[in-house]
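J.: Single-letter residue listing:
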Amino acid sequence: MKIAVCVSHVPDTAAKISIGSDGKSIDPNGVTFVLNPYDEFAIEEALKIKDAQGGEVVAISVGTDANKETLRKALAMGVDSAVLLKEDKDRDSIGIAKALAEEIKAQEAKLVFFGKQSVDFDNSITGQVTAELLDYNCVTVVVGLQIDGEKVTAEREIEGGREIVETSLPLVITAQKGLNEPRYASLKGIMQAKKKTIEEKTPAPYENMIELVAMKRPPAKQPGKILGEDSSAVPELVKLLREEAKVI
Amino acid sequence: MANKVLVFLEQRNGSIKKSSLEAVKVGKDFADKLSCDVEAFVIGAEISDLEKVGSYGVSKVTHLKNSELAMYSSTAYLKLAIKHVQDSGADILLFPNTSLGKDLAPRVAAKLDCGIAMDCIAFNFGDDIIATRPVYAGKALIDVKVNSTVKIFTLRPNVFNAGEPSGDSANVEINEISDPDLSTKVVEIKKSEGKLDVAEADIIVSGGRGLKGAENFNLIEELAEALGAAVGASRAVVDAGWRPHGEQVGQTGKTVTPTLYVAIGISGAIQHLAGMRSSKYIVAINKDKDAPIFSIADYGIAGDAFEVVPKLIEEIKKLKAE
Ligand SMILES: Cc1cc2nc3c(=O)[nH]c(=O)nc-3n(C[C@H](O)[C@H](O)[C@H](O)COP(=O)(O)OP(=O)(O)OC[C@H]3O[C@@H](n4cnc5c(N)ncnc54)[C@H](O)[C@@H]3O)c2cc1C
Ligand SMILES: Nc1ncnc2c1ncn2[C@@H]1O[C@H](COP(=O)(O)O)[C@@H](O)[C@H]1O
Numbered sequence: 001m002k003i004a005v006c007v008s009h010v011p012d013t014a015a016k017i018s019i020g021s022d023g024k025s026i027d028p029n030g031v032t033f034v035l036n037p038y039d040e041f042a043i044e045e046a047l048k049i050k051d052a053q054g055g056e057v058v059a060i061s062v063g064t065d066a067n068k069e070t071l072r073k074a075l076a077m078g079v080d081s082a083v084l085l086k087e088d089k090d091r092d093s094i095g096i097a098k099a100l101a102e103e104i105k106a107q108e109a110k111l112v113f114f115g116k117q118s119v120d121f122d123n124s125i126t127g128q129v130t131a132e133l134l135d136y137n138c139v140t141v142v143v144g145l146q147i148d149g150e151k152v153t154a155e156r157e158i159e160g161g162r163e164i165v166e167t168s169l170p171l172v173i174t175a176q177k178g179l180n181e182p183r184y185a186s187l188k189g190i191m192q193a194k195k196k197t198i199e200e201k202t203p204a205p206y207e208n209m210i211e212l213v214a215m216k217r218p219p220a221k222q223p224g225k226i227l228g229e230d231s232s233a234v235p236e237l238v239k240l241l242r243e244e245a246k247v248i
Numbered sequence: 001m002a003n004k005v006l007v008f009l010e011q012r013n014g015s016i017k018k019s020s021l022e023a024v025k026v027g028k029d030f031a032d033k034l035s036c037d038v039e040a041f042v043i044g045a046e047i048s049d050l051e052k053v054g055s056y057g058v059s060k061v062t063h064l065k066n067s068e069l070a071m072y073s074s075t076a077y078l079k080l081a082i083k084h085v086q087d088s089g090a091d092i093l094l095f096p097n098t099s100l101g102k103d104l105a106p107r108v109a110a111k112l113d114c115g116i117a118m119d120c121i122a123f124n125f126g127d128d129i130i131a132t133r134p135v136y137a138g139k140a141l142i143d144v145k146v147n148s149t150v151k152i153f154t155l156r157p158n159v160f161n162a163g164e165p166s167g168d169s170a171n172v173e174i175n176e177i178s179d180p181d182l183s184t185k186v187v188e189i190k191k192s193e194g195k196l197d198v199a200e201a202d203i204i205v206s207g208g209r210g211l212k213g214a215e216n217f218n219l220i221e222e223l224a225e226a227l228g229a230a231v232g233a234s235r236a237v238v239d240a241g242w243r244p245h246g247e248q249v250g251q252t253g254k255t256v257t258p259t260l261y262v263a264i265g266i267s268g269a270i271q272h273l274a275g276m277r278s279s280k281y282i283v284a285i286n287k288d289k290d291a292p293i294f295s296i297a298d299y300g301i302a303g304d305a306f307e308v309v310p311k312l313i314e315e316i317k318k319l320k321a322e
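In order, the protein sequence lines correspond to chains Y and D.
Every letter in the first sequence is one number past the one before it in our numbering, and letter 122, counting from 1, is 122.
Every letter in the second sequence is one number past the one before it in our numbering, and letter 63, counting from 1, is 63.
Incorrect hints may appear among the rest.
Cut-off 27 Å, straight-line C-alpha distance, at most; resulting in silico cross-link-like pairs (DSS-like, lysine-lysine) [what the hints assert, rightly or not]: (1) Y/Lys110 x D/Lys280; (2) Y/Lys239 x D/Lys318; (3) Y/Lys86 x D/Lys145; (4) Y/Lys246 x D/Lys280; (5) D/Lys318 x Y/Lys246; (6) D/Lys287 x Y/Lys239; (7) D/Lys111 x Y/Lys2; (8) D/Lys280 x Y/Lys225; (9) D/Lys280 x D/Lys318; (10) Y/Lys239 x D/Lys280; (11) Y/Lys246 x D/Lys25; (12) Y/Lys151 x D/Lys111; (13) Y/Lys110 x D/Lys79.
Just the calculated beta-carbon pair ranges, DEER-fashion [stated by the list, open to error]: (14) Y/Glu200 x D/Asp168: 33 to 43 Å; (15) Y/Glu229 x D/Asp168: 49 to 59 Å; (16) D/Asp179 x Y/Lys105: 24 to 34 Å; (17) D/Asn3 x Y/Lys194: 50 to 60 Å; (18) Y/Pro219 x D/Thr149: 49 to 59 Å; (19) D/Phe125 x Y/Pro28: 26 to 36 Å.
The hints are simulated quantities; they were obtained by calculation from the structure and are not laboratory data.
For every residue, glycine included, the Cβ atom is placed at its ideal position computed from N, Cα and C.
Construct the entire structure; sequences and hints are all you get.
T.: This is the structure in structure tokens:
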């Protein structure tokens with residue numbers, strides 16, 4: 001079976017974010033970009049299935065040449081091939097999904113993994129939209145997955161518990177932490193990844209439907225009061241919670 | 001600028017969730033600002049007290065009803081939602097940004113080929129509707145405009161106030177649905193052990209590595225119980241196996257916006273702050289007065305949790321007993 005994994009290239013979660021001079025994007029100076037953390041779970045799940053049932057895994061990313069670094073990481077973890085859908089402008093999520101859907105169709109992948117969300121814009125859109133464009137079934141925020149022929153049972157995280165979902169292939173899964181333990185790239189994997197070529201393609205042009213008007217800092221929170229250094233401060237804390245914050 | 005605003009209501013066990021009432025209130029604000037109609041719809045089996053949604057600002061609610069639709073089915077809900085949107089003529093759609101809303105709303109956008117802005121926390125109405133939403137785990141905000149004719153917005157729970165019920169009731173129209181497409185469907189819901197989930201709680205008491213061990217979380221649980229709060233946790237204690245992953249707050253856990261967030265023995269790493277920084281009030285108890293958590297806390301006690309928390313439990317209990 002051919003399995004596709006869609007990966008995004010995002011600022012490291014520990015990065016300090018400052019706003020660029022255009023007032024619409026971040027200042028990339030000093031920001032390290034990495035493979036989106038949730039996509040590591042997506043890659044691991046694809047590789048696990050390949051290890052168990054055989055098949056081939058392709059990683060796909062939409063973006064600039066910089067995304068090749070993330071595709072190399074996927075190759076180093078063990079995916080068989082990588083495709084960069086080259087786009088130098090920022091696309092909205094629907095545009096990214098359109099490019100991905102086109103490529104997934106060409107690859108004839110019937111099982112596709114995404115992360116549950118890309119930690120740059122925190123959208124949680126791309127997997128679901130790609131699934132609908134392909135007319136595939138789709139389960140999001142998945143923490144458990146069992147595939148038995150065409151039949152699939154997935155566990156997804158919801159408020160206050162987990163849903164057990166029954167569905168079938170062809171299928172899109174968006175991965176949540178807890179689905180598996182992503183493997184580290186082995187030295188051999190890293191060496192081999194360096195030798196592999198990343199195929200480049202140009203996706204069909206797309207006009208954004210979402211227009212970013214401005215990026216701004218969140219309103220600064222007033223630094224709070226330290227009320228004391230031991231339990232003698234508790235009565236004041238309770239008083240403030242009651243009278244000032246009115247929460248108890 | 002708009003014909004009709006349509007609000008998707010989410011039901012669980014036949015009751016409308018609070019985040020959907022917030023969405024109704026936002027829908028009403030949209031309709032007032034844009035001088036257009038607002039309606040709501042819900043998909044499910046038996047639903048109680050549906051007319052009460054009228055109290056938050058809609059006069060008409062459509063219930064797409066079938067006994068097999070009590071639990072979520074992405075295939076069935078999508079098809080029904082698309083048909084209902086098209087029949088209603090709505091061009092602004094609002095969904096709660098809950099696990100169900102996040103799953104469903106982008107698919108509706110895909111099928112209608114329209115733009116969608118997720119997890120909105122504010123709106124401004126001028127020549128265009130400008131939605132504000134957090135990005136980079138809340139480290140920045142963006143203002144966006146949706147340039148398609150039909151526009152979809154999902155609303156972060158607990159941010160918009162549903163307000164006091166007016167007492168008005170909505171006109172409920174029931175559409176019996178036959179043969180829903182159940183090719184993807186939820187067959188069971190496994191509740192997590194905790195009584196209250198962090199994603200929905202109004203007060204959260206979270207513990208971190210400063211608690212020293214799983215056995216000391218009884219302190220956190222006791223304080224949570226006294227406050228009627230949910231228990232949360234940092235990733236460090238989840239990774240250590242002291243607490244279940246469902247309780248994790250932060251970048252790789254849940255994003256929460258409770259009225260009160262109490263962080264005990266949590267340093268305040270950027271990935272933890274990402275999940276809770278927009279809480280209305282934040283209390284920190286940490287023995288290191290330089291811990292980053294204090295930079296966003298409203299009130300802090302720079303002391304030993306094992307000495308401070310028992311006293312806090314005692315005082316809260318005393319207050320509640322009054
Ligand atoms: C990609 C990525 C994603 C991540 N996602 C998350 C996430 O979702 N959520 C999350 O929480 N973290 C996340 N982290 C981890 C995060 O960076 C921190 O490691 C973690 O939050 C630390 O947990 P902690 O505050 O409990 O522990 P520590 O940082 O060890 O802090 C313990 C605190 O307890 C205090 N303390 C010690 N003893 C006492 C006492 N007796 N009384 C009072 N205070 C005491 C100490 O002063 C210290 O400040 C992520 C990291 C990465 C790289
Ligand atoms: N530019 C991209 N290229 C490939 N996959 C992407 C891209 N952006 C997002 N994705 C995938 O979609 C998931 C959800 O992203 P988002 O909808 O942006 O939150 C990510 O975890 C990736 O798997």
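J.: Now tell me, hint by hint, if it's right for this structure.
T.: Right, here's what the structure says about each hint:
1. Pair hint Y/Lys110 plus D/Lys280 does not hold up; C-alpha atoms about 45 Å apart against a cutoff of 27 Å.
2. Of the supplied pair hints, the one linking Y/Lys239 and D/Lys318 holds, its CA atoms being roughly 12 Å apart against a limit of 27 Å.
3. With a C-alpha separation of about 25 Å, the suggested pairing of Y/Lys86 with D/Lys145 holds against the 27 Å cut-off.
4. At most 27 Å may separate the alpha-carbon atoms for a hinted pair to count; Y/Lys246 and D/Lys280 meet this at roughly 11 Å.
5. Taking the CA atoms of D/Lys318 and Y/Lys246, the gap is near 17 Å; set against the 27 Å cutoff, the hint holds.
6. Distance hint between D/Lys287 and Y/Lys239 is fulfilled; the C-alpha atoms sit about 21 Å from each other, no more than 27 Å.
7. With a C-alpha separation of about 26 Å, the suggested pairing of D/Lys111 with Y/Lys2 holds against the 27 Å cut-off.
8. Restraint check: the Cα-Cα separation between D/Lys280 and Y/Lys225 comes to about 15 Å, which is no more than 27 Å; the hinted pair holds.
9. The suggested pairing of D/Lys280 with D/Lys318 holds, with an alpha-carbon distance near 24 Å, which does not exceed 27 Å.
10. The hinted pair formed by Y/Lys239 and D/Lys280 meets the criterion: a straight-line CA distance of about 17 Å does not exceed 27 Å.
11. A distance of roughly 23 Å separates the Cα atoms of Y/Lys246 and D/Lys25; the hinted pair therefore holds under the 27 Å criterion.
12. This hinted pair checks out: Y/Lys151 and D/Lys111 have alpha carbons roughly 25 Å apart, not beyond 27 Å.
13. For the proposed pair Y/Lys110 and D/Lys79, the alpha carbon gap of about 22 Å is at most 27 Å, so the pair holds.
14. Distance hint check: the CB atoms of Y/Glu200 and D/Asp168 are about 59 Å apart, inconsistent with the given range 33 to 43 Å.
15. Against the hinted window of 49 to 59 Å, the Cβ-Cβ separation of Y/Glu229 and D/Asp168 comes to about 52 Å, which satisfies the hint.
16. With their beta carbons about 29 Å apart, D/Asp179 and Y/Lys105 fall inside the hinted range of 24 to 34 Å.
17. The hinted range of 50 to 60 Å is satisfied by D/Asn3 and Y/Lys194, whose Cβ atoms lie roughly 56 Å apart.
18. For the pair Y/Pro219 and D/Thr149, the beta carbons lie near 33 Å from each other, so the given range of 49 to 59 Å is not met.
19. The hinted range of 26 to 36 Å is satisfied by D/Phe125 and Y/Pro28, whose Cβ atoms lie roughly 33 Å apart.
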